Each structure stands twice: as structure tokens, then as C-alpha cells.
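I would like the entire structure built from these sequences, with the hints used as guidance.
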Amino acid sequence: MERYYQPEIECASREQILAWQNERLVKQVQYVYDNVPYYRKKMEEKGVTPADVQSVADLHKLPFLTKADLRDAYPYGLCAVPVSEAVRIQSTSGTTGRRVVAFYTQHDLDLWEDCCARAIMAAGGTKDDVVHVSYGYGLFTGGAGLHGGSHKVGSLTLPMSSGNTDRQIQFMCDLGSTILCCTPSYAAYLSESINERGLKDQIHLKAGIFGAEAWTEEMRRDIEKGLGIKAYDIYGLTEISGPGVSFECSAQTGMHINEDHFIAEIIDPVTEEVLPEGEKGELVFTCITKEAFPLLRYRTRDICVLKREKCSCGRTHVKMSKPMGRSDDMLIIKGVNVFPSQIETILLNKGYAANYQLIVDRVNNSDTLEVQVEMTPEMFSDSVSEVTAKEKELVNAMKAMLGIYAKVRLVAPKSIARSEGKAVRVIDKRKLY
Amino acid sequence: MTINQISVFIENKPGKLAEFTDILSKNNIDMRAMSIAETPDFGVLRIIVNDSYNAACVIREAGYVFSITPVLAVAIPDEPGSLGKILNIMGQGDVNLEYLYAFTAPKKDWAYMVFRVQDNEKAIDVLSKNGVKLLNQADLDQLFD
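Listed in order, the protein sequences are those of chains A and B.
All residue numbers for the first sequence refer to this note's numbering, where the first residue is 3 and numbers rise by one.
All residue numbers for the second sequence refer to this note's numbering, where the first residue is 20 and numbers rise by one.
Since the hints were made in silico from the structure, they are not lab data.
Keep in mind it's a predicted model, so treat the numbers as computed, not measured.
Zero decoy hints are in this set.
If you want the footprint, here are the derived chain B segments under chain A, 3+ residues with CB under 8 Å:
#1 26-38
#2 60-69
#3 85-98
Selected chain B positions facing chain A (in silico; Cβ < 7 Å):
#4 Ala56
#5 Gly82
#6 Glu117
The calculated lysine-lysine pairs, modelled on DSBU-like cross-linking and capped at a C-alpha distance of 35 Å, are:
#7 Lys35(B) with Lys336(A)
#8 Lys392(A) with Lys35(B)
#9 Lys416(A) with Lys35(B)
#10 Lys392(A) with Lys45(B)
#11 Lys282(A) with Lys324(A)
#12 Lys45(B) with Lys35(B)
#13 Lys352(A) with Lys32(B)
#14 Lys401(A) with Lys35(B)
#15 Lys227(A) with Lys154(A)
#16 Lys352(A) with Lys141(B)
#17 Lys32(B) with Lys431(A)
#18 Lys35(B) with Lys433(A)
#19 Lys309(A) with Lys227(A)
#20 Lys32(B) with Lys433(A)
#21 Lys45(B) with Lys416(A)
#22 Lys336(A) with Lys32(B)
#23 Lys324(A) with Lys227(A)
#24 Lys409(A) with Lys35(B)
#25 Lys141(B) with Lys394(A)
#26 Lys32(B) with Lys392(A)
#27 Lys394(A) with Lys35(B)
#28 Lys352(A) with Lys431(A)
#29 Lys45(B) with Lys32(B)
#30 Lys401(A) with Lys32(B)
#31 Lys392(A) with Lys69(A)
#32 Lys232(A) with Lys202(A)
#33 Lys32(B) with Lys416(A)
#34 Lys32(B) with Lys409(A)
#35 Lys352(A) with Lys35(B)
#36 Lys282(A) with Lys232(A)
#37 Lys227(A) with Lys401(A)
#38 Lys394(A) with Lys32(B)
#39 Lys141(B) with Lys392(A)
#40 Lys431(A) with Lys35(B)
For every residue, glycine included, the Cβ atom is placed at its ideal position computed from N, Cα and C.
Here it is in C-alpha cells:
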């Protein structure tokens, strides 16, 4: 039986959804124009006034926002409310070490948690469930989002956060966790650990909600089999709110976008033209209910397809495919955003030439990052301990900037493959898309 | 009283060392002594050659990362206990040893060691005072005449 958190919204008619979008968009554009000077300036430069946007059909007239705007406007430039009205900050890694910070009013948190509650109920969650949240808590939106959603559903919420696998499994067995929320790679790791210890018959999981990184159908099957559950995908980004921007239902054929809060468009990433329905392109979101951080036409850089066909679950909101790639060079490794330019910055800061290559792979369903660095006379010494100390220094600097461990491999000068004279910076062996 | 050691970065992969030694042989460079310190990813090859200036030019030309380090070469009697004697002298003289390796020359009754220490001046002082025979580049060349 399909369960809904807000059936009157989730299964509303298309006309109703469009009516909400039209009304909220018009109000929101005026609100942003009045309260975010940064965006007002962009509108003025484009010669657009709030009066030009009378419905969703006029959305294309508005200027885009990109990660570069978030960097320029850092930290408060895109915040539409005074600090006194905002109650929360969440953050995600950004380019060249500057983080993206997003703000929330209490109302924003409420709506975000509603979105996550919809995802939990779409995965079969009720107030009788024990929701085991193994997303990281803290600045990362994963923990906070699913935690809040679980409260809204009325489930018993286990705020485990990430790491300490022994304790995760112990609690799972002892407290009878029924819904697991974490990254797909951590779910795969937990599944392996549980089966290695022969504890599969002592866990009571029935479903999992996994997001924040790309995963394949094959990985889904592995996790479903390993844990004896149904695995649901969830999508989101800090800039727009966090997890729950869209989520999978029982059909498992794409993620329903919460269109009462976010208007989705697909554009050609090069020409920036809006593409007709069903075409593959870059996903763009416009937040129509947010107060503190109301981004309009934010370019996600995720490449995907929107599908409006009728869904067997009864929901009427548009479905997006799993992201099929990126329109920039961002990598998502262990759920963390990594830009090659960040690694370049570290190397240059340490006085090395930026001759490097990133090798991303997935070993036992867990991402690995290896940074190959071409040896230079500055790094070299006849003493191995001195060379390894410099190597360690690089590993620590990367851990500090990226938040994840990267293996550094020192390679011979000029050994990194170059195509047409340009070094190939990233080799992603994961084949996720 | 030091001799020049050339240290070269070599990737820890099949065939890499052979590539390097081929370059030396093509350029008629003779190795007097060698050792390798290895990690899972790379090795540091340390060599002492007949003509270190020429070797350095050839190695640079071939695109290797390398460095030249002055090290100490010592002749010791080829009999049990003689290395220990020298190590004790260094220990008592508070000379810290980074690494060492041995090599042979066509001279009966003598063995040869290369010492890499933190402070060459201090080590030379301590060893000379205790009558240990240090070799310079000319001494080394004579051994192989």
C-alpha cells in the first residue's frame, strides 16, 4: 500500500500544481527583488522586472545563479532575511576551498523536513518505524534533513551520524531499526559488515533511503539483497535545501520533485536555452517557498531528464532521472563534492608544479581517490623518510580541504598521460552514469 | 673527504630500473656502488659512479628527478667485528646515521662502506680522530684502476 505524508499535495492534479507554482513564483520573484540586492542587480542587468514574470511560462526571462554567484556573494549576499530571522546554517564544500553556506528560517526548516517526511513515507515509513540516520550530522544536510523528516512522520529517530560501524550494527540489532538512511556506499559497507558477522537474521530493516552520491542499479540490487530491503534513491543539494528536493517512490523509476516548492527546468548547459520536455540537459531549480535562501534559476550542473508520465504510485509530481553526469568537472566522492581545482590549489600552495591526475574508483562499493603527483626536484630527497613526510603533508592538506582521505602516489616526471598536450586530470573508473 | 652519490627517483614498476641502467650503459657510465630504498610506490636508487658530473648530465637529459648528496666512503678490514667498531665510534661521537650500504672493490682483505650522516663535518672529525680511513673521489677511482 502506497503511503503519503501530504496526499493532497503529492497527488494533486497537474492544474493545481501549476496554479500553486504560478502564484508562488510571482510572489517569490517580487520578494527576492525586494530583499536580495545581489539578484536584483542581476535582474536589472538583464532588463527584467518582477512585473515581467506573471507565470511559470515567464520563468525563462530570469537570470541564472551558479556556484560562482554563491562564491561571489559569500557569505550573506544571497540571504534574504536579517540574521535575526534565520535560525540555521548548513554548508557544503565549494570550489577552491570556499564553502557554500545556506540559511534557513524556522519556516524553511519546516518545509524541508516536510519534503524529507514525504521521502520517508514513500519508502513505506510510518510512526511505527525506527529510522536509523547514518548520514553525517553537522554542517552536512544529510543528517539534519532525514532526522527532521523522521520526526515529522513520527518515527522513532536514531541520530547515529556516520562512522563507528560496530556501534551502528549493535544499535540496529538491539533497537530494531527498520529504515536506514545513509549514503549508498555506506549502506553497501554496512551490508557487507553485517553479513560477514552473520547478523543478517538479527536486523529488522525493511527499507533504505540512500542519496548524496551517484549509485548504479547494480549497486541497488547488491544492497537490497545484502540487507533484505527495498532501496530508495533521494536527491537534493544544500543550495536548494538539502535531501528531499526529490525522492523515489515504490515504482523506483525516477525521483518525484517536490514541485509545490521547487520548479524544475532542463536547459542546454552551453546555450542556456530551456529544452523541451524529455530531453537530457542540466537541471535548474527555482525555489518558490523559501524565505532565507531563495535561489531562483539555480544551475545544479547535474545532467538529467524530466519525465511527466503518470506514475504507478499515484503521485503527480514530475520525476527526474538519476543524474547522468555533470556539466562541470565536479566529482562526488564518498558523498563529498570534489573539484580538481581544489587539488591544484593545494599543490601550488605547497610549492609544487600542478602536474597531477585524479584516479577515482569504487572498490567494494566504496569510493577511493588517488591523487597522482609528478615528482619534482623540490619534493625529492635521497632520504625516503623525507619524501614520505612530504607525501604525508599532502595527504593531510587534502584531508583538511576536501574532508576525505586521498591516497597520494608520487609518479615519475612527465608520466601523467597528456592528450593533445593537455594533461588528463580525472580518470573516473566508477562508470556511474 | 666526501664523495658524490647520485640519488634517483624510480617508480616501483616492472622494467623501470632496467630503463635507467640502460641509459647509464649507453653512456658508458660505470657504477661503483648502489643501493635502493623502496616504498610500495617508488624507490630511491642511490649510486656512486666513475664520473658523477657526466652521469648527472645524462640523467637530467633523460628527464629523471635526482639529487646529488655528499656521502662518506670508508675502507674497513674484511674481518668480523670491523663494521661494529666503526659504528661504535660514530655512536660514541654522537653521529647520527641516516643509512649505509656496502660495496666491494677488487682489493683483497678490504671491504667498503658508504655512510650517509646528518652532519658530514662532524662525522669526518670523529672518524679521522679514531684512525678510520676515509676515501675521497681519487682514492675511489684508484681502487678500480
